[in-house]
Amino acid sequence: GNSVTQMEGPVTLSEEAFLTINCTYTATGYPSLFWYVQYPGEGLQLLLKATKADDKGSNKGFEATYRKETTSFHLEKGSVQVSDSAVYFCALGINFGNEKLTFGTGTRLTIIP
Amino acid sequence: GAVVSQHPSWVICKSGTSVKIECRSLDFQATTMFWYRQFPKQSLMLMATSNEGSKATYEQGVEKDKFLINHASLTLSTLTVTSAHPEDSSFYICSALLPYRGNEQFFGPGTRLTVL
Chain A
9 GNSVTQMEGP VTLSEEAFLT INCTYTATGY PSLFWYVQYP GEGLQLLLKA
59 TKADDKGSNK GFEATYRKET TSFHLEKGSV QVSDSAVYFC ALGINFGNEK
109 LTFGTGTRLT IIP
Chain B
1410 GAVVSQHPSW VICKSGTSVK IECRSLDFQA TTMFWYRQFP KQSLMLMATS
1460 NEGSKATYEQ GVEKDKFLIN HASLTLSTLT VTSAHPEDSS FYICSALLPY
1510 RGNEQFFGPG TRLTVL
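As they're listed, the protein sequences go chains A and B.
Quick note: the first sequence, position 108, residue 116 per the numbering used here, numbers continuous.
Quick note: the second sequence, position 98, residue 1507 per the numbering used here, numbers continuous.
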């Protein structure tokens, strides 16, 4: 079956530090890959996505590259801010037209000034 | 745009009672909504797919008679936890599918259910 394994948290970094949150997956077929972010008291929001191998998703300074050879979709940001503190979820989706998502366990990120 | 709300945000009930959770798409119509359940420090687990005007499709292992889903309009889906027990205590999250945004899912903020 499909599964997503992501880096366990919590992760605490200082402002302007480099961020990497690891995510690997197993899937049948050719999944789309997503990173969602959940800020305190809010619903999950799509941060970025990639739909095929070697695609790079990017948004708000965050990037992730779909690596089929390593089945990975690691999230990176060069310089984090306090406002990036949130829970980050890696997910995969199969079946265009009915995007049933499989999520990782989430990684809580805290940025300290 | 594309806001999804849930009500209530938290609820405490006695064992054996039923609880209804509402999921609304506030500024768009959604023929498809999803219901997830999240345990502490675990991932979101898809419970069911809710389709407007038809029966919900439940994931394997989810009791359809216990978790009743009604998608009576294009902006409202409800999840009713019937005869709730303490093991049903969890965080329930809904999402709505937006077809003209590449089938992106928009999530509600979640409902914390505690069964005493």
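These are computed hints drawn from the structure, not numbers from a lab.
Just so you know, not all the hints are guaranteed correct.
Unchecked claim - No more than 25 Å apart at the CA atoms, straight line, and that leaves these computed lysine-lysine pairs for PhoX-like: (1) A:K85 with A:K68; (2) A:K64 with A:K85; (3) A:K60 with A:K108; (4) B:K1473 with B:K1423; (5) B:K1464 with B:K1423; (6) A:K108 with A:K76; (7) B:K1429 with B:K1464; (8) A:K85 with A:K57; (9) B:K1475 with A:K85; (10) A:K108 with B:K1423; (11) B:K1475 with B:K1423; (12) B:K1473 with B:K1429; (13) A:K57 with A:K108; (14) A:K108 with A:K64; (15) A:K57 with B:K1450; (16) A:K85 with A:K60; (17) B:K1450 with A:K85; (18) A:K76 with A:K60; (19) B:K1450 with A:K108; (20) B:K1473 with A:K108; (21) B:K1429 with A:K108.
To be verified - Examples of chain A residues toward chain B, derived with CB under 10 Å: (22) V12; (23) E16; (24) T20; (25) Y33; (26) T34; (27) F42; (28) Q46; (29) G51; (30) L54; (31) A99; (32) G101; (33) T110; (34) F111; (35) G114.
Stated by the list, open to error - Non-contacting residues of chain A with respect to chain B, defined by C-beta distances greater than 12 Å in every case (computed): (36) G17; (37) L27; (38) G37; (39) T59; (40) S66.
Think of the CB as a built atom: it goes at the ideal place given N, C-alpha and C, for glycine as much as any other residue.
Now the hints, each set against the structure:
1. A:K85 with A:K68: holds (9 Å)
2. A:K64 with A:K85: The given pair, whose Cα atoms are some 13 Å apart, holds under the 25 Å limit.
3. A:K60 with A:K108: holds (17 Å)
4. B:K1473 with B:K1423: Cα-Cα ~21 Å, so holds.
5. B:K1464 with B:K1423: violated (28 Å)
6. A:K108 with A:K76: holds (20 Å)
7. B:K1429 with B:K1464: Roughly 17 Å between the alpha carbons, so the hint for K1429 (chain B) and K1464 (chain B) holds.
8. A:K85 with A:K57: Holds, because 15 Å separates the two Cα atoms, which is no more than 25 Å.
9. B:K1475 with A:K85: violated (43 Å)
10. A:K108 with B:K1423: Distance ~32 Å between K108 (chain A) and K1423 (chain B) Cα, so the pair is violated.
11. B:K1475 with B:K1423: holds (16 Å)
12. B:K1473 with B:K1429: Given that 25 Å is the threshold and the Cα spacing comes to 14 Å, the pair holds.
13. A:K57 with A:K108: Measuring from Cα to Cα gives roughly 15 Å; hence the hint holds.
14. A:K108 with A:K64: OK: K108 (chain A) and K64 (chain A) at ~21 Å, within 25 Å.
15. A:K57 with B:K1450: Holds - the C-alpha atoms of K1450 (chain B) and K57 (chain A) are around 23 Å apart, at most 25 Å.
16. A:K85 with A:K60: holds (21 Å)
17. B:K1450 with A:K85: holds (24 Å)
18. A:K76 with A:K60: holds (8 Å)
19. B:K1450 with A:K108: The given pair, whose Cα atoms are some 21 Å apart, holds under the 25 Å limit.
20. B:K1473 with A:K108: holds (18 Å)
21. B:K1429 with A:K108: holds (23 Å)
22. V12: holds (7 Å)
23. E16: holds (9 Å)
24. T20: With a closest approach of 17 Å, the T20 (chain A) hint is violated.
25. Y33: violated (12 Å)
26. T34: violated (14 Å)
27. F42: holds (9 Å)
28. Q46: holds (8 Å)
29. G51: holds (4 Å)
30. L54: Given a least distance of 6 Å, the restraint on L54 (chain A) holds.
31. A99: This hint holds: A99 (chain A) lies near chain B, its Cβ roughly 8 Å from the closest one there, short of 10 Å.
32. G101: Constraint on G101 (chain A) satisfied, holds at 8 Å.
33. T110: holds (8 Å)
34. F111: OK, holds: F111 (chain A) within 10 Å of chain B, min 4 Å.
35. G114: Holds - the Cβ of G114 (chain A) comes within 10 Å of chain B, reaching about 7 Å at its closest.
36. G17: violated (9 Å)
37. L27: holds (20 Å)
38. G37: holds (16 Å)
39. T59: violated (9 Å)
40. S66: holds (16 Å)
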